[in-house]
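Engineer: Residue numbers (our numbering), protein chains in the order written: chain A, 1 to 712; chain B, 713 to 1424.
No lab work stands behind these hints: they were computed from the structure.
Among the hints, erroneous ones may be present.
Among chain A residues calculated to face chain B with C-beta under 7 Å, some are [to be verified]:
| no. | residue |
| --- | --- |
| 1 | E103 |
| 2 | A106 |
| 3 | S165 |
| 4 | A242 |
| 5 | S310 |
| 6 | D319 |
| 7 | T424 |
| 8 | G636 |
Quick list of simulated restraints, FRET-style, between CB atoms [claimed, not checked]:
| no. | chain 1 | residue 1 | chain 2 | residue 2 | range |
| --- | --- | --- | --- | --- | --- |
| 9 | A | S149 | B | E1076 | 22 to 32 Å |
| 10 | A | R113 | B | E1076 | 30 to 40 Å |
| 11 | A | H613 | B | A941 | 48 to 58 Å |
| 12 | A | S105 | B | P888 | 40 to 50 Å |
| 13 | A | P427 | B | Q765 | 34 to 44 Å |
Note that the Cβ used here is the ideal one computed from N, Cα and C, for glycine as well.
2 protein chains.
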Amino acid sequence: MSLKKLFAPRSIAVVGASDRPGSFGCCSAENSLRSASARVYLVNPRKKELHGQSTYETLSRLPETVDCAMICTPKQTVLPLLREAAELGTKAAVVFASGFSEEHSADGIALEREMQDLAGKYGMSILGPNCAGLINNVDKVNLWGMNCSLDMNTRPAGIGVLAQSGFIASNIMARPGLHISYVVSSGNGNIVPLEDCLEYMTEDPAVRVIALYLEGVRDAAKFTKALGAAARARKPVIVLKAGKSAVGARAASSHTGNLAGNNEAYRAVFRKYGVVEVDCLEELLCMAQMFAVLGDHLPRSTGLGGLNLSGGANTICADLCHLYRLELPGLSERDKARMRQFIPAFATPDNPLDATTALFGDIEKTIGLLQVYEQIPEIGGVTVGCSIDITEGKVSVAICEALLEARRRGLKKPYYVVPSLEGTPSPRYQEKLEREGIVLMSSAKTAYRCLALLRDYMNYRPERHDLTPSALPADPAAKHTAVLTEYEAKRKLGAWGVPVGDERVFRSAEELSGAAEELSFPLAMKISSPDILHKTDCGGVRLGVSNLEEARLAFTQILEHCRENCPGALLDGVLVGPMAEKGLELILGVKRDSQFGPLLLVGLGGVFVEVFHDVALAPCPICREEAEDLLQSLRGSVLLRGYRGEPIRDSGAAAELMVRVSRYAVEHPELQELDLNPVFVYPEGRGVRVVDALMLLRQPEEAGTNQKEGSA
Amino acid sequence: MSLKKLFAPRSIAVVGASDRPGSFGCCSAENSLRSASARVYLVNPRKKELHGQSTYETLSRLPETVDCAMICTPKQTVLPLLREAAELGTKAAVVFASGFSEEHSADGIALEREMQDLAGKYGMSILGPNCAGLINNVDKVNLWGMNCSLDMNTRPAGIGVLAQSGFIASNIMARPGLHISYVVSSGNGNIVPLEDCLEYMTEDPAVRVIALYLEGVRDAAKFTKALGAAARARKPVIVLKAGKSAVGARAASSHTGNLAGNNEAYRAVFRKYGVVEVDCLEELLCMAQMFAVLGDHLPRSTGLGGLNLSGGANTICADLCHLYRLELPGLSERDKARMRQFIPAFATPDNPLDATTALFGDIEKTIGLLQVYEQIPEIGGVTVGCSIDITEGKVSVAICEALLEARRRGLKKPYYVVPSLEGTPSPRYQEKLEREGIVLMSSAKTAYRCLALLRDYMNYRPERHDLTPSALPADPAAKHTAVLTEYEAKRKLGAWGVPVGDERVFRSAEELSGAAEELSFPLAMKISSPDILHKTDCGGVRLGVSNLEEARLAFTQILEHCRENCPGALLDGVLVGPMAEKGLELILGVKRDSQFGPLLLVGLGGVFVEVFHDVALAPCPICREEAEDLLQSLRGSVLLRGYRGEPIRDSGAAAELMVRVSRYAVEHPELQELDLNPVFVYPEGRGVRVVDALMLLRQPEEAGTNQKEGSA
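Given only the sequences and the hints, what does the whole structure look like? Please build it.
Structural biologist: Structure below.
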């Protein structure tokens, strides 16, 4: 279903047009009438004329079948009107009324279901209900249903704004000078889903960057597919994911009924797709505007040059760069000598540079200094400490004029104007500077954080990620969880090429004696039972068993202890294998997220995971580079590189294992959870070994034998 | 030397008064003439009249001896003018000219030294050189030497601003509506030091909160004394410490020549004194203004209530609270029932609350909801998601009017108005709201971070800290470092009551044999040498030695290995003692900071310190509560509380040891560095034991024997 008629209708009917200020009918009429490229008809059976236009009594009286109907009437009247439009052949609609599924009421849900059916039957793209509308500042069509101050005649394009909150969308729109291509308030998002709008924006060349206010997705596969397309096309997606906290998730779900989902899963998805995640609206807009203004002229390197007018501002600049680990490349003696031409004798040439008040108003010196930075390849862009606010102070104006003059003289690197304090930029200078690719940043701390996010975006390489959408959540029909014994789990993994070692389950001490010559001492002996998850806790483990006699005794004792400590547990026998040589302990796991499918988790054993939560997470499947990056991202990764005289570990084999396990998870949709703990990582060249394995499968009731009521 | 004549002069001479716009002479004349409570004389030998006033040729021609002289002339003329003023009996001066010690030039340094001498001789309080001046908005005296837009007739008082950068001070002053009592630009700070200004503000009741832009301190003892006074008086000190990073420190030192110092030491000092540390100017001003506006009405509990007008804003509010671990107390069923009276049926009563657009403009409902929060004791204040900017939007105005009306009706809890985006607040509403103790916050993320800093400030208890100023930096005359052997170090510590175990140095294997019946096997045997710091590395350690024969052999081998691996090292013999029972490993250390004296460091052994840098630091001496808090602050403290079946550890004994060691460091100014690694912490009730000890002393050359060239 193409969204063209919704995003760029050539003709619009405002159904329920009104002149009551602030009402959907009045705002819709006013806004749509400002559309440059669409014919607008106002429909109201009780008024002959509205907003200086003759009205129509019903949709059927219009002189043409419109592309899009804006339904401004209350909840109960929406469906008949939509049906009328659909039957006339209208293929798109915007519904503002609330009171549907977001209120969790039976009639609201039923009405929205009917709306969905209607949309399906007639192939109609319905935005909403409970939305604030859509603005297309590319084709100049305004389908917004609330007060809207955006002037499409003057507003530059660039950002595709997509918000699961009309109020947030309105807030965004009110940002002076924001470069907007589209604003979409997706409302309940059950008919035209957010995911489809995202896909549309991903494909539209008029969108340079996508700004997403996201409470939750419905269709994870479609969502990740769109993110993949954006990643490959190098179109930045900035997301403010709301509902990160438990309280926030509750707030989000009581808002539009969205499922906020598992925040860690979203984080992992965002990292995989190079999505820039921000913490607040100010960061969202600063990032989006930065990309819109830079356009195709992203910096070529991640280092920054700093230019400030006082020692204080310069020191704060250096400290904020340090806080966000932004690189300030040092200057060569030659660069310093060149800088000295433009600064007083008592000033110190350095990066960042305190150019001192001597620079106040001196355009030539400013350009001279910018020229030094222009020629240093490690410096991708220059931050200029300056606030060009509405008062247009003399010093600020001179700095801004110098930046503009630098552009005229062919200097090309991005400049970021960084004010110390919050405020309102001068609209005149904002327009002048942004037209030249000069970015007006938010106040300093936010500014440097956003520059760090830009650095991260630049460092992201889609080719280092397996962007095959997997997103296979658990089959909802498969409600039962089967726990496999360690032996079964290892057999499955072993067949998949995972190094699990040579082990066997013995049913009796006699069987063990009979196989005496196969045993390679010392042995590890562990109870084999699908009902015992923590084998050590119930006396089910004996390690370092050194001869047959000990082994027979251990066999008997293990069964005794487990019978005593876990009465009723099904005991298959004892799993016996040679003791694994001790290696560095890794923990590898898979959890199937209810939305994004299997996620691979990796961490180092012991306090690393348990005290410091030093783990990395990625949606499956992952590729080799991704596995390496995940290992690297662990703070404990120093241990892999050889710590305190310990050998360098076989990270390659660990990465290979991660890739293999991630593929296993993708190919086995019944896998609900996998826990390889520990995995021993041996010195370089000597591989890895899975020492213990726990596997949980989800399956329909009839499939397995060892089943429990699912609760995950 | 009282600073009264400098901070609140009754008569002022502007020496070098001028009418050249932007010059010190012109700005000083204009600014000082606006002083309500001081007589101002303009001195200029070449002009008869300036700024509508008759001028005086020299200071000696003035009709009175002024309290304070503003010296607006260039560097070379400053000293004669200061001398003239001093000889006339003037007791305070402000010097704007730069080119002194901050430029590191020989003549600049010499001139500043002369100025210091003059100040000392005549008891003159000289602010500067290289400063921007001082504003006293309490007594309405303006000694600022640069453009100044601050209107002392209308500006409320509250904050004492103290800045080691004139530019930053100007930036701060330009903040609309900031409640300012004083602004002091301390310049080079070698005559009237920053520390004295801080002390003045600490004692002045007209200062409710101190905002400090700090590059470095000169007199750590005076600095911490002032901080201690502020902490005890519960006067908040907010500090933006610049020069936190290496690059930043370099930038700071080339600025005013201040020593940025060790950032970790500053952090530790700030924590001890409850100083609120911020990252940028916006946070500094948001925090300072918050305290100024709240005045004596700080919240009574740290929990927050949240009131928002949309689901989106509400979710972001919840997430930001989560990010900064701000507590949003849950609502009782009764509270929820009360809330339901004021929100639509489809809305969900919760904290934070999405009151929905139904609240738009409804003052009664808004007050109703505030009333619910007013009665919940766990909620100390309420954040209201709203931006009251210069456009004074209808919804915002209604919310603000509701807040004002709530005050009229006796509601007392702090309200924090939190805008989503950066902008400029409406001056009219800012004034109205702040007068009622309602705080206009910076944009959301900064706002919630500042509320978290407020929470931390509220949780700080001066009585849980030993605020005895110690600040005993190493004696600069003591340039030589003596390394003590483990035995010597332990003997000193043992005499101080530190549990070090029973050990003895044997000079020969024969001596060892002779003491056979005193030995309690198994033994730990370690080389005793002041030249060997890492005993294991050169084969100088043997553990678990189980009988005399083994011990004799070990003795010989240890000496052999050390002779081979550390040729030239002085070998005292072998330190022999019973093996210590294994306990949880703690690392305890002391480092003498060059400014703040001895700092105690504590961390858990192994990866905790080495990979995660999980350490806590505090200036000595510390009290018992402080020791407990330091241990608690470690992420690894879970191990002390009994981790994975391990016993609960004797944290009390560990805390006691920390206190004892901190006192040792204070009482022994020669102690340069102490490293107790490991300290074994035994199960509860069984104490601690120092297993190894390294001690470095600083002393004059003649004092010791085992000495090396100091390099610390």
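Engineer: Which of the listed hints are broken here?
Structural biologist: 2, 11
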